[in-house]
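First to last, the protein sequences are chains W and H.
Using this note's numbering, the first residue of the first sequence is number 0, and each one after it goes up by one.
Using this note's numbering, the first residue of the second sequence is number 710, and each one after it goes up by one.
Wrong hints could be hidden among the right ones.
[Stated by the list, open to error] Taking lysine to any residue pairs in the SDA-like style, the calculated list, with each CA pair at most 20 Å apart, reads:
id, chain 1, residue 1, chain 2, residue 2
1, H, LYS810, W, GLU210
2, H, LYS1043, H, TYR1030
3, H, LYS813, W, ALA37
4, H, LYS962, H, ILE924
5, H, LYS729, H, TYR1030
6, H, LYS810, W, GLU201
7, H, LYS1043, H, GLU1055
8, H, LYS810, W, TYR216
9, H, LYS813, W, ALA242
10, H, LYS813, W, ALA161
Calculated from the structure, these hints are not laboratory results.
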Amino acid sequence: MVMDAKPDSHRTTGGAPSARPPKSRINWSWLGVVPFFAFAIMFLILPSLSIFVRSFEGPEGQFTLDNIFAIFHGRDFINAYRTSLTISLITAVSGGIFGFLLAYSVILGGLPSVARSFLLTFSGVASNFAGVPLAFAFVATIGNAGLVTRIIENILNVDIHARGFTIYSIWGLSIVYMYFQFPLMVLIMAPALDGLRREWREACENLGGTELHYWRYVALPILMPTLLGTMILLFGNAFGAYATAYAFSGSFINLITIVIGAQIQGDVLYNPGLGNALALGMIVIMSLSMVGYLTLQRRAARWLR
Amino acid sequence: MAFLEINNVSKTFGKTTAVKDFNLKVEKGELVSFLGPSGCGKTTTLRMVAGFEVPSSGEIIIDGKDVTYEPPNRRPVGMVFQSYALFPNMNVAANIGFGLKIAKRSREEINQRVNEMLELIHMPGYGNRYPHQLSGGQQQRVALARALAMHPEVLLLDEPLSALDAKIRVSLRGEIRSIQRELGITTVYVTHDQEEALSISDRVVVMNNAQIEQIGPPFEIYNFPQTEFVAQFVGTLNAVNAEVVDPKAKILKFEGQQLQTAFSLDKLHSGDKVMIAIRPERLSFASQEKKANILKGKVQNITFLGAVVRIQIGIDSLNFYMDTFNNPYLALPKIGEDVEITCSAEAVLALKERKESQG
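My request is simple: use the sequences and hints to build the entire structure.
Next comes the structure, spelled out in structure tokens:
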């Protein structure tokens, strides 16, 4: 028989409180996120609510559904949404693919590390290079009187505009957007590709798999949540762009952001209620794409839960 | 003919030699461990057998077929990685059945094999879990099942237990050994843990500086190390530099004390330098039983290690360690007390002195 060295009186009984109850303590960590929430409330939630409310206001401030009906009755508005969606889809998909391939080349392609550093630095700068400077850069290079256009004309004797090319088109604007779209993809995909472990590839090979099997069954499914997330980010990036497009083509390309700008601050088309309704339409489209993204993401990332 | 042959294999990375002139023959069903410190070339050798590295020279033969330049996906080899390398996007069943899916086996066959493997690793009912929902030990068992599901001819394990805690390591290594015996699969096991290598292996290959130091059964490696490195690396050792006094009488001396060895010194001459190696457990107090050699010293420290008590004894300027089984009724000497310790001539190994330029 084994004797307990402690006298019974020293034993604690299960469930009995052994110490004073803990004081209710304030978690000061919340202070750190207060600026973020304040910012989000002031510049995201309140403006969104304002847009929602004003979409249903007439010129005298009365409730009306005319602004919403006007969107569906005005062909220009539907076309503006279509143009914006087209450019956003083109640049999100092609920027995504191009950026992914670039990131793959420098991260996993065995290129020297200097190539990686260069691309990541360039991407950091280019992904934030938008608005008037970007528009001017493209106008000055391949615009009607751009430097590159002139060089092609003078040296190669080729008039690119005579052959139907113009940068002031959906495809032209897509090229301009690509300048900041694919670098953003590179910046987000580079760490994700870095996270692919060498052992996964080797385990796949060891089990009889090829490079194709590895990408199909292992790498792409692992990257899918990041890929989907980045694509929706690129889509939103292009869908909401205004300054670049306006500085680049004025109102030549009928984007929804430019139409909204014209309705809110224009001299001729001034109709803030309609502008707010069009902006509400943008919010609805972005919300729908977010719902689509979340549904896909839930399926793609069920192994993370 | 051996089942796995590694003949004259060397591997260099630039100017660095990772493996130099490696020769080993492994019989079918045998478990051989590569044991050595980090960077000694054991994992590189394993990776060459798996096909992830191509030898700079030499050949690798499995079941009579030269696979030296075969890609990894065409070798009859299953591998368990140090970090498990389970695919995080697949559940346990999909991980285990992955190789069979790639081989385009029928769904029924895959399910049956997955269930067999889950039974083998004692994890039935875990098929739907994802790797992040398993403990480290469970993940490693799944990795083992995945490697075995394809019926490989050779199983390679690269430090499979190093990321686990001590208790699980001990139980899992027993499990690995029993599965290996049950399947009779030829296995190469890489580890830097000498206890693991000694406990699990039919033979141990001790490596150092890209080369093999000694190959032999665990008993031989531990009791009859052929080099100073093996003696030092495997187990605890009292090692002192000594001088041959009389090769015929097998007498050696160090710091004024003389020792007799049972091993031949025929190739040596009086005055030759050697290294004496004595395992701590081969020493005992002369007060209990006198053997061929008696050394006088002073107790410096006593450390309680559970089953064993380690006593540090200063002999002139040297420290010797003596291990004795823990016996609560044994009267241990006090620190500072003069004692006599003894060992048999068989306990005294005379090894070649390590050359400083080695490696």
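Each hint tested on the structure:
no.	hint	in the structure
1	H:LYS810 <-> W:GLU210	holds, 15 Å
2	H:LYS1043 <-> H:TYR1030	holds, 15 Å
3	H:LYS813 <-> W:ALA37	violated, 56 Å
4	H:LYS962 <-> H:ILE924	violated, 30 Å
5	H:LYS729 <-> H:TYR1030	violated, 35 Å
6	H:LYS810 <-> W:GLU201	holds, 17 Å
7	H:LYS1043 <-> H:GLU1055	violated, 29 Å
8	H:LYS810 <-> W:TYR216	holds, 11 Å
9	H:LYS813 <-> W:ALA242	violated, 54 Å
10	H:LYS813 <-> W:ALA161	violated, 56 Å
When the structure is compared with the earlier hints, violations turn up for hints 3, 4, 5, 7, 9, 10 and for no others.
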